[in-house]
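Visitor: Spelled out from the first residue to the last, the chains are:
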Amino acid sequence: MRGISWQGLAVAFGALGLLTSLQTSEDENPHARAPRDVSLVVTEGAWLRAPGADWFAQRAKAEPGRFTHDATAAGGAGGWVDSHGEYSLSEIEGEWAYWQWASAERLTDGRQDFVQFCSSCHGLNGDGYGRSGQHLRPTPRSFQQNKFKFTKVTADLPSDEALLSVIKRGLAGTPMLPWDLSDVQLLDIIQYIKSLSPEESGWRDVYSQVGDAIEVTEDPWTDTKERAIVRGREIYHGAASCHLCHPGYVTNEELRVIRKDPEGTTYRENLTYPALKDSEYEVLGRATKVMPPDFTWHQMRAGTTTADLFQTIASGIKGTAMPQWKGAISDEDLWALAHYVENLIVSYKDQPAARSAFMGGLRVSGDNK
Amino acid sequence: MRTSFFALVLSSSVLTACGGGGEAPAPPPGGGPGSSSGTQAPANSGSGGAAQAAGPTAWSDSAGTATVSGSASFKGEAPAPVQIAMDSDPKCVEMNSDGVTDGSVLVDAAGGLQNVFVYVSNGTDAWTFTAPEEPVVLDQVGCNYTPRVVGMMTGQALRVKNSDPTVHNVHTYPRKNRASNVSQPAGSKALDIEMNRGEVLVAVKCDMHSWMQARVGIVDHPFFTVTAADGSFTLPKLPAGDYTISAEHEVFGKASKQTITIGDGEAQSISFEFSK
Amino acid sequence: MSSDHIHPEPTTFLRKHVFSIDHKVIAKQFLWFGLIWLGIGGIMAMMLRWQLANPGVPVPLIGGLLFPRTGGVIDPATYNTLFTMHGTIMIFLGLTPAMIGALGNWCIPLMIGARDMIFPTLNMLSFWAMFLGGAVGFYSLFVPLGATEVGWTGYPTLSTTVGAVGQGETLWAIAVFLIGASSIMGGINYITTVIRLRCPGMTWMRMPLTVWGLFLTSILNVLFIPVIGSAMIILVLDRVFGTSFYVPASIMSGGTGGDPILYQHLFWIFGHPEVYILILPAWGVVCDLLSFFARKPAFGYRTSVGAMVVVTVLSALVYGHHMFTTGLSAMLGESFMLLTMIISVPAEILFFNWLHTLWKGSLRLTTPMLFAMGVIFVFGLGGLTGIYCATIGTDIFLHDTYFIVGHFHLTMAASALFGTFGAIYFWFPKMFGRMMSERLGKLHFWLSFFPLVLVFCIMFISGYAGMPRRYYDHTSAEYLRPLQHLNVATTVSAFLLGVAQFIFVFNFIKSRWWGKTAPQNPWDVGTVDWTIATPVPHYNFKTIPVVRCGPHEFSNPVLGPDTDWIYQTEELPG
Amino acid sequence: MSMLSTSTPSFAFLRSRWLGCPLALMLTSTWALAQDKRWGPGEPASDYGYRFGELFWLITTLVSVAFALVVVLLIVPMLRDRARPGHRASFDHGKSLHDKRLTAVISIITFIVLDAWVLVIAMKDLREAYWAIPAAKDPQTYKVEVLAQQWAWSFRAAGVDGEFGTPDDILTTNELVVPKDRPVSFNLTSKDVIHSLFLPEMRMKKDLNPGAINLAWFKPVVEGEFSILCAELCGFAHYQMFGKLRVLEQGQFNEWEAEASQLASTAFDADDTEGHWAWDWQE
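Line by line, the protein sequences give chains G, F, S and B.
FYI, our numbering numbers position 271 of the first sequence as 271, with every residue one higher than the one before it.
FYI, our numbering numbers position 144 of the second sequence as 144, with every residue one higher than the one before it.
FYI, our numbering numbers position 308 of the third sequence as 308, with every residue one higher than the one before it.
FYI, our numbering numbers position 113 of the fourth sequence as 113, with every residue one higher than the one before it.
Bound-form chain G, shown alone:
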């Protein structure tokens, strides 16, 4: 075999192997979101907080065949099983709770998808500070903080469904897109980002709970939209006092009438503009501020239908000044608010002439600028 450089071929193959193995070595490239300094393989599975027993009962009814109950699971305590894994019931400090097992294989899949698709903004470690996420307001979520804005649940932790719907439809007006990935991939990513929460916090916290879903109840105003808008306007500026953070959409006189304040009462400066608020979302250890939207101007992140608005108002926006309204005011009033806000969006957003006539009319009256 004279002439064939077997040694040469061996060296070429060796160099090739060396190069590819180097890509997962420890040294760090300061310029890039190189995956070299972090392992792509998750070696341990994780128990993550799952929704409560009611949720399983509901789901089992809504999607027959999705869940099967296994009485022998978890040492006889019983549990549910579906294609995504096993949900086990366990007692912790006197309280029974469901936990979902995310296997190491599944988290590895999720990890790789996360690094490939999400890390440009959310950072390799899920700290919300990837190269594309820098200088961005609102900031990309840090999954180490495990706070999520649009949860559609009462308590802090959203269900997989809620997270899935946010990822699939995106957040309007931000770089968070509607992601065209399959449910399998997205659910793997979701399990992975849940596993990023620190011990004793969020998804790995025994005291946390996956909130009860805020169901879209029946709209009591379907035939009486006009009255809903009037009622919503009263709630907005009255009982709920939305104008404390969002703009007020009435003149000072009207506000006095709605709030039954005496003549001569004055309200906050720049009443027809929103007021900047604190948020819990941190960048480089500093909490950023958030802007409550002006419904006639800003884009709604999580949908503009009445039902979307109902859910958003009811569940609040977690980690920001927007509280949960479910329970604080009645569902009927929540629907009225949703109708009122929807009406503001439909009538004035992106319609400069109509909007300037409307807002200008509020401002001529004097002290609310």
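It is possible that part of the hints are untrue.
Claimed, not checked - Calculated cross-link-like contacts (lysine-lysine; reagent style PhoX-like; alpha-carbon spacing at most 20 Å): (1) G:K260 - F:K254; (2) F:K161 - F:K91; (3) S:K28 - S:K510; (4) B:K95 - G:K349; (5) S:K360 - B:K95; (6) G:K289 - G:K277; (7) B:K100 - S:K360; (8) B:K180 - B:K244; (9) B:K180 - B:K143; (10) S:K442 - S:K516; (11) F:K161 - F:K189; (12) S:K442 - S:K510.
The set of hints was computed from the structure by calculation and includes no laboratory data.
Assemble the complex: chain G is given as a structure, and chains F, S and B must be docked to it using the hints.
Guide: This is chains F, S and B only, laid out in the frame that chain G set:
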């Protein structure tokens, strides 16, 4: 695409082998703190120590006879109280017609610092404590929290009331516990907030009235207190032993810790000093 | 090695068929290799077209097997991988081996009367380097974090770890480097062989134009492949070792970091000549085939050679027209626009010569002839639309739209592919000793020709309407949604084109083993390769031939009325 | 577990998918989409858009004629000069001086007609319009800083005070509002990878290179809503990176700008230095 591209080539053998490993281990939350296997409930609440032979014993109130008292003071020139502008909500203005100053730093003429949370941060591991049934009450009166700083035991509820004729939202900022942010219009019933993990000085804020702030100190034993207007405090009913006592203020942060050794029936005095 | 240095024929299977140093075996290896990869690249193209016409619909038949995790749907990342690998495969692993590797290895020694390449071992190494490159490229599809998905142009910073975290991208760069190394080895070999091993009497101006095309291509290969090789090495350094040649340090200003535009310069200094690397052999083949089957001398042989030489020189000077929107200065932009316009002059000369060769000929419309004339048609279409792309004013709008896709597919893909097909149909009898079916061949041509023209002409329309290339789903943007009917039409044509290729596959396989035995010279052509027996003996020529006339002495009146051709080794009467 | 259940090759397609899928889908979608079809890019909405449109049709005319000639010269020999018994090709090497002159003359004429003509007009257009970037200090010029990222456009306009990096800078994501009949001048750069700002109706396209600032401009002459697309492959969601361009009539625009500036000042967080990314205007 990624690993599954042309998975035809790989799937039948490799992935099946991998997939086999995906089954969950039998007992649930292996890693969860305080967990035990599903069938045997822990004898008592605690942090996983129930099985140990020489574990902590249940605390009885009569066991403690020692007292630590002292004071917290602020060194240096106290910041001048700032007038709060409440114009955003006329209802608040109405209730405080004389004007209100910011209550975050309250220093008396002698330098005594009010609203310092003082607690035993180490030395109580030998006992387990049961939280009292009755909740700790935090009221919203005149667009301010009363009291401004409260302490409570883990497992105890924080009951937030709204006595104002206006709407508030109760926004807690814990690091280790569940966060919550719920609105509370005028006339709503009280909210019970659970925080089950020891955490000193959890902020409670109202986003609608940006000046409204309170602090909650949560510890897993009853040895905590808040300094009075002159900066004094008393920690009664301590059993004999070695303790680390800490103090934290919402603006000035932690003072340096004090370690003491105290015998039955003794009374000792310590002091904490804060500065900017 | 001198031309009369003859080794004994190899005896082992390994030396005979795998690690052979015989140029004829290597040519066949390259041919099979190239055809298989053309098939893979073609299937990828079909999947791309499927997705574009039916966004988000599972790929029928193979989808469930290839993409189980998405239920057979091509997800956007996979889509990016597919078009990246389609481009890379078609250029580097399909056309390069099938055109330059197979054709060069087969034609150069046989047509210039040599016994083998001048460096047979280098020749073998060239094939195995390309094989290794192909293997690495294929392997890159399976690595963690995904295959390359940044386009065959691989622009940083998308192709650095900023934009592509997958190891597939690193492997892609290594694969391109290896394939480049193979091309350089081949190029050195071809150039030296043509210079040193021409048989007596084979002067430069008596060489068949096929050899001229391959010779000039090799020069471009040797000059410009090293540029992309270095670009790829730098890319690998950036990706693996954390250097920052291409990655700027800060977002707002360059700072001390690198510059992604550096790569674009390097890439297109190679990339534009690459177009001519692929098209020059096809041009050479077309010049020859038109003459062979029009039974007429190639019109203006010298001007054709001159035009090809001028194209070779100019090809390096026009690359900037790929970068009109990257922020080139006005001076550079205008210079490149002017130079690009100038390069059309030699192409016009070639067209003139081709059409003149056909004029008043005696056309035998065999399959190779049809493909040669097809090249004139599709290259005419592609070349003329180049004027839109060369003009900055229109290119601003058309840049990175389907117009460009249509343009470059017609010029370098369709033309080179038709040239390759013509060459395969033409040299198949000598290569394998059997005839390919003419009937199936003609069917293949016509069933390929119409859909092909349709595919890329519809792309001109959609590009003109503003449809950007490399979009996973054009229905997601409001502006593009009304254009979707064009996508569907393109896809239908593309599928017809795809299906037509099965005729070729069937014809090729069937003829290879069961075809009619070929006579020594089925086409009545006089070049030196047709003077020897079929199958070609080991070391080709028992005695080195002596050439006494040009390759295109067809219908020469001095030959008398009975015959219209003469072997190059024969003396013209009179 | 999930891997196991999803990675096993599915043979379901053998039963359902492949029979109806390919042709039925293509035909129905062709039919459905043909209801709402478009064949061209729409009328240009910027001033140089018209110039480039005219150039396009000039080239199209010239190219069509040239290509028709090629096709005729291909088809005529195919029909007329087919090999047949008794027919012999004319012998011509094309070496004579006459042939060489003919080659030269035809090439030069083709060059002049096809290339030089276009070249001259293109140069004129470029110098008068495309490269004539309006002066920054001209108060008529509306300046916009664009920062692209995977996968969104961030636009920053100076606001009413005309200065970048002040609280009243108007920051928008995926939405750009500009005045009609005033030149709009861009400073373009990118955070991560190369993007390309493509305004199809304005006939404008310019790359955004990380680490460098590119300049571009256009002058909208039509009111309305237009598209913003990305024309340089920028990763996974390249196809989703679009925005909306709104061109407002001058009076309305001034109102819009004042309001947007006011809102921006309200939202300005002076301590949040990381969130401010304006740079000095480059010219």
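Visitor: Given the proposed pairing of B:K180 with B:K143, does the C-alpha separation stay at or below 20 Å?
Guide: holds (13 Å)
Visitor: Could you grab the alpha-carbon distance between G:K260 and F:K254 and see if it respects the 20 Å cut-off?
Guide: violated (46 Å)
Visitor: Given the hint that S:K442 pairs with S:K516, does the C-alpha gap stay at or below 20 Å?
Guide: Satisfied, since the Cα-Cα distance of roughly 17 Å is no more than 20 Å.
Visitor: Within a Cα-Cα threshold of 20 Å, do F:K161 and F:K91 meet the stated pairing?
Guide: Given pair F:K161, F:K91 holds - Cα atoms ~17 Å apart, limit 20 Å.
Visitor: Hey, S:K28 versus S:K510, does the alpha-carbon distance stay inside 20 Å?
Guide: Given that 20 Å is the threshold and the Cα spacing comes to 16 Å, the pair holds.
Visitor: Straight-line Cα separation of S:K442 and S:K510 no greater than 20 Å?
Guide: Roughly 16 Å separates the two Cα atoms, so the pair holds.
Visitor: Within 20 Å, alpha carbon to alpha carbon, are S:K360 and B:K95?
Guide: Roughly 16 Å between the alpha carbons, so the hint for S:K360 and B:K95 holds.
Visitor: Given the hint that B:K180 pairs with B:K244, does the C-alpha gap stay at or below 20 Å?
Guide: Since the Cα atoms of B:K180 and B:K244 sit roughly 15 Å apart, the hinted pair holds (cutoff 20 Å).
Visitor: Decide if the proposed pair is consistent with the structure: B:K95 and G:K349, CA atoms, cutoff 20 Å inclusive.
Guide: Outside the cut-off at roughly 75 Å; violated.
Visitor: Do the alpha carbons of B:K100 and S:K360 lie within 20 Å of each other, as the hint requires?
Guide: holds (18 Å)
Visitor: Hey, F:K161 versus F:K189, does the alpha-carbon distance stay inside 20 Å?
Guide: holds (7 Å)
Visitor: Can the restraint linking G:K289 and G:K277 be considered satisfied, given a maximum Cα separation of 20 Å?
Guide: Satisfied, since the Cα-Cα distance of roughly 5 Å is no more than 20 Å.
Of the numbered hints given earlier, the model fails hints 1, 4; all others are met.
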